[in-house]
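Q: Okay, here's what each chain looks like letter by letter:
2 protein chains.
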Amino acid sequence: MKNLLVGQSGGPTAVINGSLYGVLTESIRHPESIGRVYGMRNGIEGFLEGHYVDLTARLSEKEQQALLYTPGAFLGSCRYKLPEELTDPVYPRLFEAFLGMNIGYVLYIGGNDSMDTVSKLSRYAASVHSDIRFIGIPKTIDNDLVLTDHTPGFGSAAKYVASTVREICIDASVYHTESVTVVEIMGRNTGWLTAACALARRFENDNPVMIFLPEIPFDQEAFLSGVSEQLRLRKNVTVCVSEGIRDKNGTFICEYSGAQGTDAFGHRMLTGCGKYLENLIRERLGIKVRSIELNVSQRCCSSSLSDTDLQEAVLAGKKGVLFALDKKTGVMVTFRRTAHSPYAITCQAEDVGNICNLEKTVPANWITEDGSDIKQELKDYLFPLIQGSVTIPMKDGLPDFAYLEDL
Amino acid sequence: MKNLLVGQSGGPTAVINGSLYGVLTESIRHPESIGRVYGMRNGIEGFLEGHYVDLTARLSEKEQQALLYTPGAFLGSCRYKLPEELTDPVYPRLFEAFLGMNIGYVLYIGGNDSMDTVSKLSRYAASVHSDIRFIGIPKTIDNDLVLTDHTPGFGSAAKYVASTVREICIDASVYHTESVTVVEIMGRNTGWLTAACALARRFENDNPVMIFLPEIPFDQEAFLSGVSEQLRLRKNVTVCVSEGIRDKNGTFICEYSGAQGTDAFGHRMLTGCGKYLENLIRERLGIKVRSIELNVSQRCCSSSLSDTDLQEAVLAGKKGVLFALDKKTGVMVTFRRTAHSPYAITCQAEDVGNICNLEKTVPANWITEDGSDIKQELKDYLFPLIQGSVTIPMKDGLPDFAYLEDL
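Chains as they are written, first to last, in my numbering: chain B, 1 to 407; chain V, 1 to 407.
Isolated chain B (complex conformation) (with noise of 0.2 Å):
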């Protein structure tokens, strides 16, 4: 009989304590062999600085049951890096206070970089013929894992993204003026949840009507061609683009806002290329125009959960304790799918060493051939991530979350 260990790492999603959930209520049916279950406080930094708490004896029912709707990481995050030489003391440290916890699983819920501190754990037991079983249970809003059909947290986001777009197109068409606006979505190096955004769309050709994604070069005049082109068509135009967009020489096109600008304090000013692209239009076009950056809620919005999405959090986490118990090691849970339409998904466990720190992009033929759409195959892609609801219980006319301070 061993303890188990959980972490969260990286940056947070609206289910990422679903998956929690998951490795918690799955341990709980496995007494035989899982005995306590302990969590990470701001996962392997904390850990390494002596803080994690008991779950097992902590959690109510209730408790347990608001780890489906609570965003942020509830055990606290980390943007840790372990060494690369794993000749490093910060290994025997870390295997010293997992035996002294009588640690015989380490359940890690990440993204590509939570998934290397998977793999460097998982390489050092095996120098060291440790028989602890290291998991990754996936989470990112970004959808950018390698070796899974797609990752928990991102339908969440993608469904938060295409209401929140369904939303400011109708507001940005009330008024019988002709206007530009401009919505900038989260993605550095992939457009997934940019790509989401298509899905807003109730007909062809409704808006948002051009959607830019990080993987195909972006051009300003193509652009703004593009932009005056619609304005011809219908009063409001609306256009997505992800943060990430860059040039075709890589150039970030948020750079170009800082080119001549500095702030009131003499450094060169940085704005997003939503920003950027309000200000140009502006001043080439001569148009009413804004630009939103839908910002954090991206990830953490709990009005907005896809129960697709929560539902397979939940798995990823109840798997990653069987593949544990399954004596599996340096895997993280990964979803293949099986069927479209009814959608449907099975899961694998896949070596974390060909996963962490890659990137998977959206497939330029995914992308139309002028790069301002997605087609039709990445939107049948995306529609069965977003699908159902989540009833979060209220209290005193507002969400009522699980605190781990609380406990």
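Hints may be right or wrong, so weigh each one.
Remember, identical chains collapse to one label, so a pair may be satisfied in a single copy or spanning two.
[As the list claims (entries may be wrong)] Below, computed lysine to aspartate or glutamate pairings styled on DMTMM-like, alpha-carbon distance capped at 25 Å:
#  : residue 1 : residue 2
1  : 395       : 377
2  : 288       : 255
3  : 328       : 400
4  : 288       : 405
5  : 395       : 373
6  : 288       : 229
7  : 395       : 307
8  : 248       : 400
9  : 235       : 400
10 : 328       : 204
No lab work stands behind these hints: they were computed from the structure.
Using the hints provided, position chain V relative to the given structure of chain B.
A: Then chain V, alone, in the frame of chain B:
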């Protein structure tokens, strides 16, 4: 038997179409007095150009229901001020159109400026002995209309702001490193909406720890001291500021952002006050900081509707019809709070002449002495307005809104 004409004007809210629903459904209940219900397209401006639609004939029961949760202005909106001089030829033109359509009642849903339209039309009617009745239905997320306890549209915006700030505080607290988050809320001259951020707290001294309204002069040095002091008490500090905060000289804080900054086009670069304060904190305190502008979702998010607000928006529309049938004219529907707990309101009719072009600010005695927070009285005032949730019908994973072009 006369027909009824209804219009929407000014910036939209999440429940402005709830008032339209109220007007429409109440009108249908009085077939002895009200014939057809016409909707102005894009307010009085569009109507002047001959644009209107017959709502009686065209909205199915299902479409009427969908108005209840559809953001934006279903009929389209305008920002159009009628001429001050009632001798202007626009007035006889309008009344000729009313006559041609056999209009007996004109209901106008809007804020301060829209009430100016109601005032002018009713005064012109009196001057020409027309018996057409003009009624104002209040709407604004700013809650700045006088002679009413509060305004439809505000409660849902307040609920959105409080929920979102609560989620942002959670998102901002995941890392174990010192950080400051500045959230910028809509409200150029009044701080009602920013005050709602206080509802995001779960206990005293919870984040957001400071809240700044435009009603109190903003002191940058005192602000920096306050932030530093808070950082001695906690790792993560969230502060909320109204977009309209200004210093003791009346200069908007956002204007300081352009004091030295120019954009890539050589233009003076104005960012919001949130972005300016972010830069100020980074420069002066050297701390990790980010700013978030909540933007238009404050007035168009459908997933955080306050049921109290929605029901009151419908009520205001219905009362408007009843007041018109009761031979009232030149009045706006107002709310009086008759009980705090359980909360209750009654409706009155107040002369629009005493409402239009005036602004109700937050009383100074509802703000703390140092100007960095609100008092319990204001929280008590806000609390009932955000209560109750609304379930939005979904289609294909997204809210299924009503669109006039679909009719």
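Q: If a hint holds in the structure, say so; if it does not, say that too.
A: Hints versus structure:
| no. | hint | verdict |
| --- | --- | --- |
| 1 | 395 / 377 | between (41 Å within a copy, 20 Å between copies) |
| 2 | 288 / 255 | both (23 Å within a copy, 21 Å between copies) |
| 3 | 328 / 400 | neither (37 Å within a copy, 45 Å between copies) |
| 4 | 288 / 405 | between (47 Å within a copy, 23 Å between copies) |
| 5 | 395 / 373 | between (41 Å within a copy, 23 Å between copies) |
| 6 | 288 / 229 | within (16 Å within a copy, 42 Å between copies) |
| 7 | 395 / 307 | both (21 Å within a copy, 14 Å between copies) |
| 8 | 248 / 400 | neither (47 Å within a copy, 39 Å between copies) |
| 9 | 235 / 400 | between (42 Å within a copy, 23 Å between copies) |
| 10 | 328 / 204 | neither (47 Å within a copy, 47 Å between copies) |
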